[in-house]
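There are 2 protein chains.
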Amino acid sequence: MKRQCMMIVAFAALTANAQFGAPRQNPTVPSVKAEIEDFKPASTNQDNKQYPMVNSQRMVRAQISAPKATFVGLDIDGKIYEMTKDENGLWTGTSAPQDEGFHYYQLNIDGASVPDPGSKYFYGASRWGSGIDIPAHDQEFYTVKNVPQGSVNEVYYWSTVTEKMRHGYIYLPAEYYSNPTKKFPVLYLQHGMGENETGWSAQGKTGIIMDNLIAAGKAVPFIIYMDNGLDVRRAGEQQGGFGGGQRPQGQRPQGAQGQRGQRRGGFGGFGGFNAFQDVLIKDIIPMVEKKYRVIADAQHRGMAGLSMGGMQTHTITLANPTTFAYVGMFSGGSFSVDEVKENPDFQKTNKVLFMSAGGRETGMAEGDRSVVKAAENLKAIGINAHSYISPETAHEWQTWRRSLYQFAQLIFK
Amino acid sequence: MKRQCMMIVAFAALTANAQFGAPRQNPTVPSVKAEIEDFKPASTNQDNKQYPMVNSQRMVRAQISAPKATFVGLDIDGKIYEMTKDENGLWTGTSAPQDEGFHYYQLNIDGASVPDPGSKYFYGASRWGSGIDIPAHDQEFYTVKNVPQGSVNEVYYWSTVTEKMRHGYIYLPAEYYSNPTKKFPVLYLQHGMGENETGWSAQGKTGIIMDNLIAAGKAVPFIIYMDNGLDVRRAGEQQGGFGGGQRPQGQRPQGAQGQRGQRRGGFGGFGGFNAFQDVLIKDIIPMVEKKYRVIADAQHRGMAGLSMGGMQTHTITLANPTTFAYVGMFSGGSFSVDEVKENPDFQKTNKVLFMSAGGRETGMAEGDRSVVKAAENLKAIGINAHSYISPETAHEWQTWRRSLYQFAQLIFK
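Going line by line, the protein sequences match chains A and B. Using this note's numbering, the first residue of the first sequence is number 2, and each one after it goes up by one. Using this note's numbering, the first residue of the second sequence is number 2, and each one after it goes up by one.
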């Protein structure tokens with residue numbers, strides 16, 4: 002019961018901070034007048050595209066040619082900023098300051114919600130669409146450097162649970178290539194609601210963060226496996242669970258496009274974690290341990306995830322208490338003392354239990370229900386619990402990049 | 002001189018068949034009325050998106066909600082099909098039949114060219130944007146199957162030529178993982194104009210084609226390395242070459258977005274191949290041969306490419322005649338007898354010289370200047386030359402998927 006409450010708190014935080022646009026719901030507001038005209042193309046732009054831009058106040062400026070349009074808006078962070086048209090049909094508009102780090106956004110052209118042709122595209126908010134990275138004071142830790150490079154590799158495998166080929170990504174550290182007999186620990190790392198197996202490497206910059214940490218001697222080399230925790234439907238199963246058909250709140254069907262999602266039903270409850278658990282335990286872990294040079298025991302196996310992925314980590318590590326020694330829950334709620342006390346196998350196996358949240362995530366960053374308090378309570382019963390609060394970020398990727406950076410330094414040591 | 006002529010022929014073919022949209026140039030035509038109403042969601046759609054759809058006549062039907070728009074068009078294959086609006090603001094339109102295989106496309110909303118929010122996104126026509134795969138009679142060869150899986154891996158490396166970190170992809174066959182001491186041959190495989198290092202794996206389905214061929218015993222296991230042949234700018238170099246600033250004909254700047262490209266100048270001539278050649282010979286090949294288990298000699302090294310990548314293959318293999326024994330040129334023109342005769346090292350080293358084109362590519366598929374005729378001429382002087390004509394396709398990915406499928410069966414044997 003307590004566990005479910007924790008989850009609901011976390012989902013509330015997720016929807017409260019939802020970055021994804023829901024155009025017909027988001028309020029339309031006037032474009033902002035920037036004080037400082039030092040706008041530069043965003044790092045997430047397509048090659049040679051000038052817009053969108055960001056200034057030193059972390060405002061986003063978008064621009065698009067739409068000569069015959071009567072309305073164009075920049076849809077970011079739950080608001081639609083009205084853009085204005087010049088004599089050549091070029092629309093320009095500027096948002097209020099955004100948090101440091103990655104944000105999903107889109108354009109609205111005469112009522113159509115579309116990707117900005119200037120940005121690269123990312124999967125989140127249950128769609129491939131525009132994203133923008135706002136420069137951060139600590140961005141060095143996720144900047145590509147000339148250090149020994151691991152690689153993020155695409156993986157297809159046969160799932161006995163779904164009776165289909167499935168798809169994931171694996172990060173192999175540089176030493177996997179340079180030291181061809183060495184075996185490595187593995188972290189299983191999951192994305193959030195409305196995201197997929199590409200999130201941790203694209204938005205999360207997992208490979209870059211790990212290469213830099215390992216090169217600096219701050220983390221031991223380990224493998225990271227990332228799968229899709231949402232699209233799991235058991236063989237023969239039509240709907241239910243956290244299957245592909247769900248829509249997070251705020252994402253309404255766009256004309257006929259949403260009907261399929263609607264028919265399949267909504268959230269499906271937490272039972273959907275079971276199908277992913279089956280795939281993880283029966284298909285993914287055996288596949289990784291067979292195909293890659295892996296130390297295949299609990300002391301060299303971890304699981305972590307963000308938001309919904311953190312809740313999956315919570316559920317799955319408690320239900321498989323002798324499988325994972327390292328556990329990370331980023332913006333996904335927390336473990337309670339009771340849960341751990343009632344699970345002596347979990348307590349015995351666990352080496353690190355890490356819980357984090359963004360400093361702006363109400364209910365998770367401060368007070369009695371915070372991850373800080375939860376870690377203190379767990380430490381008191383002998384768990385090696387850690388908490389981390391990402392400064393001045395919300396339920397968003399900058400929180401999770403920083404959480405991975407912190408967590409990776411604690412594990413497999 | 003002859004070589005330059007061949008290249009110009011190939012570029013003419015490229016621009017004549019250009020699939021990418023140039024909205025203010027493409028003619029607007031009425032939406033087509035489909036005879037057969039058996040439309041199904043395209044395989045290239047985002048998860049759970051119904052549109053775009055394709056019917057058995059290979060017509061494309063797009064749909065988008067744009068309640069306030071006065072014009073919405075489906076921009077595909079050099080035409081803009083006018084879509085029509087229903088009472089709910091939902092626009093729908095259907096194209097004429099398309100060739101089998103992959104096509105770039107976009108939507109036009111009141112003069113704005115934007116990606117279709119229903120499709121996945123691909124890099125081509127010098128932008129990330131919508132793509133659609135039209136079912137093909139031979140699509141089995143590029144369909145994911147439950148066979149031993151290799152993987153396509155992301156690679157970052159330091160370039161001494163550009164003095165920057167660069168980015169590519171490497172395909173490692175399944176046996177690379179299962180047989181940890183075996184060394185493999187390597188094919189260096191290049192994309193076309195306006196594309197990048199993602200093209201061969203995403204649009205080209207390289208990993209899937211190879212896994213299927215190897216599992217069927219039709220190709221020997223080999224590694225494929227894919228890089229960006231366009232974004233090469235030597236350290237300190239501001240412009241010129243085939244650098245990132247170029248725009249293929251038909252791609253005009255969109256408002257201010259194109260200005261940077263314009264300032265950097267246009268095509269830059271064929272001299273731009275030199276910078277990529279330097280990166281390939283001095284950076285990429287040494288990196289691949291150091292990091293991966295590779296047989297590092299000419300008899301186990303090949304180069305191939307499509308269109309501009311074929312021309313790069315042509316230039317680079319002739320200029321480095323003892324480096325590559327296997328050479329493939331897909332829709333990129335052909336080698337002449339004189340070029341090979343004048344280059345005894347090339348003639349001595351070469352084991353297979355493969356040239357292909359789409360059956361609808363004027364000047365390359367039929368007659369005296371065809372790849373068929375070129376291969377006959379080369380055979381007559383003792384070269385193991387092969388030609389292949391892809392039936393009923395133009396200068397497009399279906400031609401190149403089939404070309405790779407054919408070429409891969411001939412090499413490293």
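Hints are computed from structural coordinates only; laboratory data are not their basis. Treat the hints with caution; some may be incorrect.
As the list makes no split between identical chains, a pair holds if one copy fits it or if it spans any two.
Below, in silico cross-link-like pairs of lysine-lysine (DSS-like), each with a Cα-Cα straight-line distance of 27 angstroms or less [claimed, not checked]:
{"#": "1", "residue 1": "K291", "residue 2": "K146"}
{"#": "2", "residue 1": "K165", "residue 2": "K41"}
{"#": "3", "residue 1": "K80", "residue 2": "K184"}
{"#": "4", "residue 1": "K69", "residue 2": "K283"}
{"#": "5", "residue 1": "K86", "residue 2": "K283"}
{"#": "6", "residue 1": "K342", "residue 2": "K86"}
**Q.** Ascending list of hint numbers which this structure does not respect
**A.** Per hint list: 3, 4, 5 and 6 violated.
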